[in-house]
Amino acid sequence: MNILVCIKQVPDMESRFKIAASGTWFEESDLAWRINEYDEFAVEQAVQLKEQLGDSDLTVLTIGPARVKEALKKSLAMGCDRALHVVDDAAHEKDPFQIASTIAAFAKEKSFDVIFTGMQSQDRGSGQVGVLVGELLNIPALTTAVEFACEDGAVTVRRELEGGLKAVVKAQTPALVTCQLGLNTPRYPTLPNIMKAKKKELLEVPVNDLLNEESRLTALSLTYPEKKGSALILEGEISDLVDKVIGILKEKTAVLAK
Amino acid sequence: MKALLVGEYREGKLLESTYELIGFAKQLNAEFDLFMVGSKDQLPQVDAKLYLADVTTVGEYNPSLHKQLILEAADKAGADTIVFLHSSSGWDLAPRVALALNAAQVSEVVEVTADGYLLPACNAKLRRTVKSATAKTVVTLQGGAFMAADPGGAPQVEELSSSADGNTEFGGYEQAEAGEVDLGKAEIIVSAGRGVGKPENVEMIQALAKALGGEYGASRPVVDAGWVPHDRQVGTTGQVVSPKLYVACGISGAIQHLAGMKKSEFILAINTDKDAPINEVADVLVVADIKQFAPALTAKLEG
Ligand SMILES: Cc1cc2nc3c(=O)[nH]c(=O)nc-3n(C[C@H](O)[C@H](O)[C@H](O)COP(=O)(O)OP(=O)(O)OC[C@H]3O[C@@H](n4cnc5c(N)ncnc54)[C@H](O)[C@@H]3O)c2cc1C
Ligand SMILES: Nc1ncnc2c1ncn2[C@@H]1O[C@H](COP(=O)(O)O)[C@@H](O)[C@H]1O
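Chains as they are written, first to last, in the working numbering: chain Y, 1 to 258; chain C, 259 to 561.
Any given hint might turn out to be false.
A few chain Y residues that don't get close to chain C, going by computed Cβ distances all over 10 Å [unchecked claim]:
id, residue
1, ALA66
2, SER111
3, ILE139
4, ARG187
5, LEU210
Once the Cα atoms are required to be at most 30 Å apart in a straight line, the calculated DSBU-like pairs of lysine-lysine come out as [stated by the list, open to error]:
id, chain 1, residue 1, chain 2, residue 2
6, Y, LYS199, Y, LYS227
7, C, LYS456, Y, LYS244
8, C, LYS334, C, LYS260
9, C, LYS558, Y, LYS252
10, C, LYS284, Y, LYS252
11, Y, LYS250, C, LYS502
12, C, LYS558, C, LYS520
13, C, LYS468, C, LYS334
14, C, LYS520, Y, LYS244
15, C, LYS260, C, LYS284
16, C, LYS521, C, LYS532
17, Y, LYS252, C, LYS443
18, Y, LYS227, C, LYS549
Computed, partial: chain C to chain Y, Cβ under 10 Å [claimed, not checked]:
id, residue
19, LEU272
20, GLU318
21, LYS334
22, LEU377
23, CYS380
24, GLY401
25, ALA534
FYI, nobody ran anything at the bench for these hints, they're computed from the structure. By construction, the Cβ of each residue, glycine as well, lies at the ideal position given by its N, Cα and C atoms.
I would like the entire structure built from these sequences, with the hints used as guidance.
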């Protein structure tokens, strides 16, 4: 089987974000970068599928500037066979349609049997790219998978709906699956596998070789949220904090009355 | 703007979220029609045109078929804006419809401003404003961001049918098993988030819950990791709770978590990051390491 997994590199969400001079994106220096959380589940599922089937080939793809190679290397160390870096220094300016078009342009000739993506990216969270790739390739796209199985040329997923409800959905391959949190337990790359990954193929292709679509969205601005809440912020020594909190709970709630 | 609102229906019932779509259209003073795969027995109460496809022939989950029907309705309605809720149904269907219409999709809209749509970014720590550059636009609305319209009136129904096939097979629903606790009844809930760091530390959250006389809960990553059972998960895909006191320990405050607890009477958050979005709903945010703060508070309460 021929398998593709698409990943995105995103900043650590615990970072303190500064708005860039452009006013439409954040300052990229001083940030720690990692694989989009949802995509780690996608990589793990792709590797598990490869292990299950034995005879198969697994490509990991990402679009972005030079820094994204780290994310590809980690995916190779997790068990992907080869990596494709679509080099685009302005990837953050591309809209989901352009990202999906780029991936689809690459995937079109490769006849992948199963394609995995995350259900959304943590920085922009559009939740569009996976489904768009499926539609552009004219293959079924199953979203929000929390369980995955592949047997006899068909994939079956449990889609997560709201309030603990799941739906069982099946499609013939080729098919695309978008991965939700908790789909599996992503592995940590071991040292021997990190060493092995260094020998794996990591190809580069300039984005303009694959993309010739205009953006359908115009980014106007990036801003900090207006603070709606008025949380009282307490800082200081732990023992003082404990006393203050107990005082507040006594005053503002009835929970310590008993 | 002429909007087509895509209503939601599941397991034989109209979903309340449909009224949020109507609320959105009303807030914008937009002309609108509705579309729904559903049943004549469960019509949204609204004085508007409703394109209705019968669920017994079309199926509740059949994206390629639903897409065709929505496109037909959008065409009949002369709609330039197709509106979904950003839900498991909406984010599955919206990109399909957008692509077919050569339309931009704007996901998880929280507000409409004078120049465009306001969206969350970076786990709600930032907001983006974007504008559609296409003639038609597909929009998904963040759950709870727009006030639901009050039900009232009756729709003018036009039935749509389709004979096309889908490329997916729906195998039915599965309900989560009932667990040992009903967090919905708890008056005090202390929840562990990823900030607790490791499974052993869940014990200090349990201890604090006990000292306060309440139950313990958790955010999703803690449940996904298997540290806490699923029946204790708070959020859109877990329990919706509204206790007298909710203590969020090392929880960032993602929208899906907030949706499950923001109606709590009093919210105390403990987080090392004072910019964590939980501060938008918290009454008090203690900037501290939960591993130090929780045991200290427990000791004092017990002492
Ligand atoms: C469709 C969908 C449904 C979802 N449903 C749910 C749901 O039902 N419930 C849910 O919770 N999530 C849900 N999520 C996931 C949600 O988006 C977030 O990923 C999740 O809520 C994050 O959990 P967290 O706050 O525990 O972890 P993180 O976001 O990783 O936050 C950890 C926090 O801990 C703080 N921290 C770190 N170390 C410490 C320390 N030592 N002391 C104190 N604080 C510390 C950090 O500053 C950070 O704010 C859903 C997501 C999707 C896409
Ligand atoms: N720059 C990118 N390169 C490769 N894959 C991407 C990129 N951006 C998004 N994706 C994939 O598309 C999924 C959904 O992203 P989004 O539509 O941005 O929420 C992600 O989880 C990734 O799997």
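Taking the hints in turn, this is what the structure says about them:
1. ALA66: holds (21 Å)
2. SER111: Since the minimum Cβ distance to chain C is about 17 Å, SER111 of chain Y lies beyond 10 Å and the statement holds.
3. ILE139: violated (8 Å)
4. ARG187: Non-interface label stands for ARG187 of chain Y: nearest chain C Cβ at 14 Å, farther than 10 Å.
5. LEU210: Its Cβ never comes within 10 Å of chain C, the nearest being 18 Å, so this holds.
6. Y:LYS199 / Y:LYS227: violated (49 Å)
7. C:LYS456 / Y:LYS244: Roughly 27 Å separates the two Cα atoms, so the pair holds.
8. C:LYS334 / C:LYS260: With Cα atoms ~11 Å apart, LYS334 of chain C and LYS260 of chain C stay inside 30 Å; holds.
9. C:LYS558 / Y:LYS252: holds (18 Å)
10. C:LYS284 / Y:LYS252: violated (37 Å)
11. Y:LYS250 / C:LYS502: holds (13 Å)
12. C:LYS558 / C:LYS520: Given that 30 Å is the threshold and the Cα spacing comes to 27 Å, the pair holds.
13. C:LYS468 / C:LYS334: Distance of about 59 Å is beyond 30 Å: violated.
14. C:LYS520 / Y:LYS244: At roughly 23 Å apart (the allowed maximum being 30 Å), LYS244 of chain Y and LYS520 of chain C satisfy the hint.
15. C:LYS260 / C:LYS284: Given that 30 Å is the threshold and the Cα spacing comes to 12 Å, the pair holds.
16. C:LYS521 / C:LYS532: The given pair, whose Cα atoms are some 21 Å apart, holds under the 30 Å limit.
17. Y:LYS252 / C:LYS443: holds (21 Å)
18. Y:LYS227 / C:LYS549: holds (27 Å)
19. LEU272: This interface hint is violated because 14 Å lies over the 10 Å limit.
20. GLU318: holds (8 Å)
21. LYS334: Constraint on LYS334 of chain C not satisfied, violated at 22 Å.
22. LEU377: holds (8 Å)
23. CYS380: holds (5 Å)
24. GLY401: Since chain Y brings a Cβ to about 9 Å from GLY401 of chain C, closer than 10 Å, the hint holds.
25. ALA534: OK, holds: ALA534 of chain C within 10 Å of chain Y, min 8 Å.
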